[in-house]
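Colleague: Assembly of the complex is requested from the two constituent chains, each provided in isolation within its own frame, with the hints serving as guidance.
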Amino acid sequence: MDKNGSAAGGFQAASNKDDGLEEPDSQKTGAKPQPVPISGLEGPRSKYVKLVSNDDHEFIIKREVAMTSKSLRELFANPTVDLAAANNTVYFSDFQSHILQKVCHYLAYKTKYRHSRVAPPFDIPPDIAMDLLAAANELEC
Amino acid sequence: MVESLKHTAAAAIAKLIHNGHFNSKSYAFDQESSNEVYAQLLRLDPQWSYNIDLKLKGLSFILTKVNFENVEMGPQTFGLLTQHNLKSLVLGNQDEIPSLEHYMSRLFRTSQIDHLDLSGRSQFSTAWLKTTGQQLPLLRTLNVSGVKLLNPDFFQFCKSFPNLYSLDISNCGVTILTGISRLKNLRHLSLRSLIYESWYDIRELFALKLLNVLDLSMHSTHHARRNMQRFLDCKQVLPELRFLECSGNLMDEDMLEELLITHSHLHQLAIVDCDVKAPKSSPIRILSCTTFDSSITALKYYLNLKRRNEVQICFQELRLHVKRLHERKMQYDVTECVTLSLQSLEKLPCSLIMNFDIVEERLFTSRLSFEADFLAEIVLHNFHRLSRVHTRLICDILLNNVNRQLIRDLRAETMWNAIIYLFNMGVFVDKQKLKGIASHCAASLHNGDPIIEEQAMRILTSCVTGKTLELVLSITESKHDTTPICLGFLRAALHKEDEQSSRRVAEKILAATHNNEEECKRYIKHGAMNMLISAIDRFDSEPMHIVILGIIRNLVMMSPYDKVQQIFTCVQFRTFQILLRNWTSSDRAYLMLSIFALRLNHQDKNFECVFRKCADELLRKHFPYLLATEITVDVDIYFDRGIVQNILRTSEEVGLVLWALLTIKIYAQKSLWNSRSIRDSNFFYLIENPHIASEVVNVASENVRFLFHW
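Line order of the protein sequences matches chains S and U.
Its first residue numbered 110, the first sequence is counted upward by one per residue in the numbering used here.
Its first residue numbered 4, the second sequence is counted upward by one per residue in the numbering used here.
So here's chain U without its partners, still in its complex pose (with noise of 0.2 Å):
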């Protein structure tokens, strides 16, 4: 949205005096911009106000109009506002402040205010606003909403404030209007979310006979929504009464048809939400969400209101409107719906609300913003209707929402895949936000909450298809990831059986894993190992086994000494072996066995003697089958990291010697450079001359020597 010439103008302006270079000390502001500039201070220091007024000293102001709305005020602040004659005030949420009433008694005291708003949290005792009331004979609006009042302070709030002409006390708790008759010049009145038991708390309303506007909406939260019930049973009329909204309250078309007929004047009747459906033809102006056009209508009046509550209750019922509409290939103007969705955004950003939802129809607060969710409607079924300026911010919103929370609602995922529909579509998706996305669903899958975790799935799922792999795995993870991103990838094309995408993640895994200690700790942390074993029972493929072993491979070598055992447990040997009598694939077998070996390496051979023993029978007895035969598998890494040489000078085990000379000679095999390495090595001695006494290690090593003499 556009800024107005005059915020820019007053937004530089402020910006001179914030920052000190305001050099105009004798101008003399005069109202209008005095009180436009104020409010541009406020916005950019609001955390407190008390210095926005150090830098007013020494010039010429004249406020009339102030609003410190989310800002925190001092008490010096009601100091430099007792200096002018204050018109209108809103006063925000004031908490802190220690004797608030009796700063404002002091500021009202020097005014003429006839605009207040007290709305807040902020609470007051009934013998200031007694008080208020005389020092204020001028005041004709009053928004006091939100400010707890019990039904005698109302009673004693009517007598103080005979002159209202506006008055807004929703949310205030008052159950019984027993007093609102005095207000007799009243002619705007809110009470929405108010309850009342009977029409009895409710009759001295109709003494406002110049009452022209009556809010009596209710959030469709709550359980008592009959406010309206209670307004016709009193069956009388208020004859002024030209705009009233309903909307919140449960109507049947019955009551909706006395309230035509007993308040025919009405200019305006709202009531969306009200389980009602309005008449096709009505003299007066009905807002209502009942089709799509009416819809539009209630949802540009409440925006313009920015009553955000109603805004909401429209976008969901657009949503269903518009859904129908799809699934009749019906038109609709998609311009303007895009257009509102992002005014609505602008106007009115998300915050919490309260909303049932869809699959347990419970409350809960949800972070999703319904306009997200009425964008993505959009954009899975009319995207070619879309503007490529739309489809980016679209884009940009769907991806803000998703990613802050995902909960029992399926919205998000309908959401997210709208986001995928818009990458395959080729509009550009951030990766940055995209990963958190992905990150966010990766620790979700042990959220421990099984709806969540299918929810988590399914999203990560579609990241593995088509042209959204090619994007994932892009994405590059840093060390601040708590759960892995490609861990979660991986999880769901496992979950998908789907052996090309599972094996492409795979793969990124396998080089994110290569001699990266800190990187294999997170995937063992996060229960990488049980996983990637299961994998291997899940496919028949020998490429896909050789990355699920390699990664493996990597996280035994990585692993701390002392926890190797936990990592790669005894009932995972076992799986193993049985895996290794059906393989004929040397590579595989290898890898294989090269686990056991780490395995072995890292244990101190006090321990676990059992498996020892079977491990190191399984190394002896297939060397001999893997020696004759060309093996592929890169072994570079066991030599930088000095694995070999250590086992050749130090270890007792003869199947953990076999498996490093059998290292040694595919390593040779490579290349002749490597070859020429290893003869000129320090530890080759150590090849020539075992240091211990067996004789299959001498002939393996004699066997290995062969190559160097070739």
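Next up, chain S with everything else stripped away, as it sits in the complex (with noise of 0.2 Å):
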């Protein structure tokens, strides 16, 4: 259980949200404006990979990066259809875009500094600890 209560959801790649179906006119003229698509993003092989918090802050990080998470190799390790049509996109319900935020800045650290006997200590803010080490259980890093 997480601290709001609710069972832990974790995260789950991205299903293919377009279903061929057009808007309607009347929203057109409200609608907002289209995100500008990324490349790299695209197949089982991709070379970038899009972490999305639950208030919708997206992350675009190296694959290989993703990687050093054990839950998230796991995930882009076997590619399912549907994980590779969403752009190898994955939705955290339970993140906040700045604990995202430092989950990415934690997994290109531990890239970075992997085979390194000396590494500089990565700092964790106070106020983010309890978060942070609830999402490092979760993502296995």
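Check before you lean on any hint, since a few could be wrong.
[As the list claims (entries may be wrong)] Using 25 Å as the maximum straight-line C-alpha spacing, the simulated DSS-like pairs for lysine-lysine come out as follows:
#	chain 1	residue 1	chain 2	residue 2
1	U	238	S	219
2	U	528	S	221
3	S	219	U	309
4	S	171	S	221
5	S	179	U	309
These aren't lab readings, by the way, just hints derived from the structure by calculation.
Modeller: Here it is, written out as structure tokens:
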């Protein structure tokens, strides 16, 4: 259980939301601008992957960086059709953006210094330590 | 090594709790987080776990797994743990806790422990072990390595834990495995470093039909390493055995062949340090150090298991393999070797390791790491293939190792040679660590053990060679150095009979001892005088002699009055007399006579009449010649310390007064300012009117006075 009392849903691969239906004309005038497509996210061997927080912040990181997390490694090592079709995007229902951002920092840090005998300390602000520990348990990193 | 985010976050939380800044009292830690944070708290405060327990009051923790290795537990901790449903407990060494068994039993009443580690030096009674078995019916993994058990106790022990899957009784002293057949569910069994006299002692082993992993390894220092022979003598087979560890046992090819035939179902067989060559091809994965590649494979395996003894053996063997590759100019993966060495040093901190002395082939304790020895070999032959980061790390590692202790181990010298090589190749060398090594070597020159003394000399000799000389000359000695480092360097340079480096080091000593009473005393205490005088005979070099004599002068000048005759003895005086006959240099002669004068000035006139007479005669004899020649020796210190002034006022020795007058002449001729300062001084009248009645002194006085009227 997490601190909100709800079941820890963790993360899940994004499903393809494009069902092919065309939106009504009345909604087009007020529609949000379409996101700019980012290259490198397509296919089962994409160069990048996308992690999305529960407040819709997107973090695009290198696949090799994401692989430092055991959970993500298992997910991306055996990609499903849905995962590839969704531009290798993973949604985290329990992680706020500032937590997910710190996780990404750590993954990059670990990638950089994993083979170094001496690595600079990875500082964790006290106010997010609890949430970060929960995230670390979930991502196994 | 990079810590996991889990560890890092838990450490941050632990620090908050430890400092009393954790504000989320209502937060309920889940099981995994609780275990992790508690582990980090133990790392922060390992001295007394009770302090941690106090800090945890009010927090919602769910502990299921705790490790008290290297932690001092308190009785209160057991009270805390009874509130949790423990599943895994590593006790560590808790011999200081009275009634330990009582607290443990109370804890077990509320636990569902399936993993229990009691390894270490603790002692447990047979009755308690029996009770524990009854209290922990779910126990599957038990480690009592190092816990002393008698054979009858072991029999009872096996009755108490019938459901074990994994058991480690390494180093527990059991010599007969009677009773082990009761552990019918056993899959993993470790019997490291246990000794069996015959196959009969271990025959029950083969009743364990489900045994999957068996460790019969021995430490190579044991004289009896024949457990594998006992195993084979049983003429039976463990049908489910897949992993067999034989390392350290003496084996021959016949034994290995028999084992491979009878246990062809093995997946892995380890025969590191078994004195047997692995077959070139086998369906069974064989861990050995027969080749370079197999040594790397074995090293990785044991490194992962954190098996220190086997890791050290692998590094020993790897070093030999690499040495052979170097001799044959063959290539190998240097980066991998360095990386594995660094990982080993990180995972397995260096500790005391029993090993054979390569000089006298006897047992002794070595504090040198085999990883460092291995790295030294790589540096000396494959430096160009090392990265800049690695060279810096390696240099630090080598310095730390050599700095520990000079003992009968040539590896220290090899490491030192690697350090010098790194420095010559431009790698930064920490001066403080270098200084520590040099100080240690300087002290070891008088160790009394000729092997250690020779090793220390060789290391110091390498310090005064080439570019290293500049490095060592830049070292600043401190008052805390018991043995003067530069004295060791000078001794080494003299031993090497290198005039240039000897003079460079001597010049440093000269500067260090100049007008420094404390430093002079240190050098005197450590036998500098005898060494310096003997050094004069080694070189026919005026510059060298001037420096040496300058140091001797400093030592004599600063020595206590009541000990000067012990520092500069009559024997040494006679040596100087002989040298003085052959020297034509005025500077050298003046310095030597200055030493005589200082000696005279320090001495009570009622003692050593013969010395006083001889020295006085020498001073009188040489005065006319020195007065007529130019002398470039610095004489300021004689005035700064009032020596000249005191002699003019009080001395009754003609020779001594003549020396003082000569010194005044030398000083005055240096500069106009010096001349004026003498003329204006309050002792100038003593020059004009010597207090002793002597024709020679009067004539000398007149000659000196002439300088000031010119």
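Colleague: Quickly compare the C-alpha distance for residue 528 of chain U and residue 221 of chain S to 25 Å and report which way the hint goes.
Modeller: It is violated: about 54 Å lies between the C-alpha atoms, which goes past 25 Å.
Colleague: Given the hint that residue 171 of chain S pairs with residue 221 of chain S, does the C-alpha gap stay at or below 25 Å?
Modeller: Holds, at roughly 12 Å.
Colleague: Does residue 219 of chain S lie within 25 Å of residue 238 of chain U when you go C-alpha to C-alpha?
Modeller: 52 Å, violated
Colleague: Does residue 219 of chain S pair with residue 309 of chain U here, judged by a C-alpha cut-off of 25 Å?
Modeller: 22 Å, holds
Colleague: Given the hint that residue 179 of chain S pairs with residue 309 of chain U, test it: the Cα-Cα distance must not exceed 25 Å.
Modeller: With a Cα-Cα distance of about 22 Å, the restraint between residue 179 of chain S and residue 309 of chain U holds, given a limit of 25 Å.
Comparing the model with each earlier hint shows violations of hints 1, 2; every other hint is respected.
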